[in-house]
Amino acid sequence: NAGVMQNPRHLVRRRGQEARLRCSPMKGHSHVYWYRQLPEEGLKFMVYLQKENIIDESGMPKERFSAEFPKEGPSILRIQQVVRGDSAAYFCASSPRQRRETQYFGPGTRLLVL
Amino acid sequence: KQEVTQIPAALSVPEGENLVLNCSFTDSAIYNLQWFRQDPGKGLTSLLLIQSSQREQTSGRLNASLDKSSGRSTLYIAASQPGDSATYLCAVRGSGGGADGLTFGKGTHLIIQP
Numbered sequence: 860n861a862g863v864m865q866n867p868r869h870l871v872r873r874r875g876q877e878a879r880l881r882c883s884p885m886k887g888h889s890h891v892y893w894y895r896q897l898p899e900e901g902l903k904f905m906v907y908l909q910k911e912n913i914i915d916e917s918g919m920p921k922e923r924f925s926a927e928f929p930k931e932g933p934s935i936l937r938i939q940q941v942v943r944g945d946s947a948a949y950f951c952a953s954s955p956r957q958r959r960e961t962q963y964f965g966p967g968t969r970l971l972v973l
Numbered sequence: 092k093q094e095v096t097q098i099p100a101a102l103s104v105p106e107g108e109n110l111v112l113n114c115s116f117t118d119s120a121i122y123n124l125q126w127f128r129q130d131p132g133k134g135l136t137s138l139l140l141i142q143s144s145q146r147e148q149t150s151g152r153l154n155a156s157l158d159k160s161s162g163r164s165t166l167y168i169a170a171s172q173p174g175d176s177a178t179y180l181c182a183v184r185g186s187g188g189g190a191d192g193l194t195f196g197k198g199t200h201l202i203i204q205p
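Top to bottom, those sequences are chains A and B.
Under our numbering, the first residue of the first sequence carries the number 860, and numbering increases by one thereafter.
Under our numbering, the first residue of the second sequence carries the number 92, and numbering increases by one thereafter.
Since the hints were derived computationally from the structure, they do not count as laboratory data.
None of these values were measured; they are calculated from a predicted model.
Incorrect hints may have been included.
What the hints assert, rightly or not - With a straight-line Cα cutoff of 25 Å, these simulated DSS-like cross-link-like pairs (lysine-lysine) come out:
| # | chain 1 | residue 1 | chain 2 | residue 2 |
| --- | --- | --- | --- | --- |
| 1 | A | LYS903 | B | LYS159 |
| 2 | A | LYS910 | B | LYS197 |
| 3 | A | LYS930 | B | LYS92 |
| 4 | B | LYS159 | A | LYS921 |
| 5 | A | LYS886 | A | LYS930 |
| 6 | A | LYS910 | B | LYS159 |
| 7 | B | LYS133 | B | LYS92 |
| 8 | A | LYS921 | A | LYS886 |
Sequences and hints are given; from them, build the entire structure.
The following block contains the structure:
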């Protein structure tokens with residue numbers, strides 16, 4: 860059973876470009892979470908999705924950031940018009956169904972904005 | 092707003108020692124608490140998950156305890172080895188309304204000297 864997969868692992872963008880980060884949850888998992896780890900800071904929750912629904916986006920910046928988890932295919936975290944402050948590691952996690960269950964993390968996408 | 096604090100921020104000990112990492116959280120209304128390890132440039136590996144109704148969990152040389160009423164958890168590592176060197180993260184999942192994601196501490200950076 861493959862773990863949580865994220866791609867790309869590393870992404871370089873220039874200011875003003877768009878970044879698209881993909882996450883494929885573990886097989887059988889229908890809950891996806893995105894977190895951001897800024898340099899020298901802890902991980903911060905961004906958004907929680909189930910298939911075709913955003914359940915909680917309380918940690919998501921109000922502008923330029925969006926997330927989706929379509930019926931088919933991976934979850935996508937999209938950052939429009941990137942700025943240098945968006946440089947961070949973005950982690951995706953998945954869990955089967957219940958809130959009480961373990962979240963399994965992917966290896967992360969490291970975004971560098973030049 | 093939930094806040095998670097980990098003490099110490101860094102720890103360096105000789106191989107073979109038993110050690111304790113501490114985690115405290117401000118809001119005792121939690122579903123569960125999870126301990127992770129993160130290796131440099133890598134994702135998170137889940138070590139132990141303790142439900143709010145549980146007092147402790149064990150896996151191999153690791154033992155985690157939870158005192159929900161006082162807002163504390165400890166991770167005990169027995170007979171430490173150089174391969175245990177990593178950053179250890181504590182995270183809680185709230186049971187109240189609001190964010191469904193995990194709230195993380197900033198971690199304890201552990202070095203085991205051979």
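A quick look at each hint next to the structure:
Between the alpha carbons of A/LYS903 and B/LYS159 the distance comes to roughly 22 Å, so the proposed pair stays at or under 25 Å and holds. This hinted pair does not check out: A/LYS910 and B/LYS197 have alpha carbons roughly 30 Å apart, beyond 25 Å. For the hint linking A/LYS930 to B/LYS92, the alpha-carbon distance of about 33 Å lies beyond 25 Å, and the restraint is violated. In summary, the hint linking B/LYS159 to A/LYS921 is not supported, as the alpha carbons are separated by about 33 Å, beyond the 25 Å threshold.
For the hint pairing A/LYS886 with A/LYS930, the CA-to-CA distance comes to about 14 Å; that is within 25 Å, so the pair holds. Pair hint A/LYS910 plus B/LYS159 does not hold up; C-alpha atoms about 32 Å apart against a cutoff of 25 Å. As the CA atoms of B/LYS133 and B/LYS92 are separated by approximately 28 Å, the hinted pair breaks the 25 Å bound. Restraint check for A/LYS921 and A/LYS886: the C-alpha separation of about 31 Å exceeds 25 Å, so the hint is violated.
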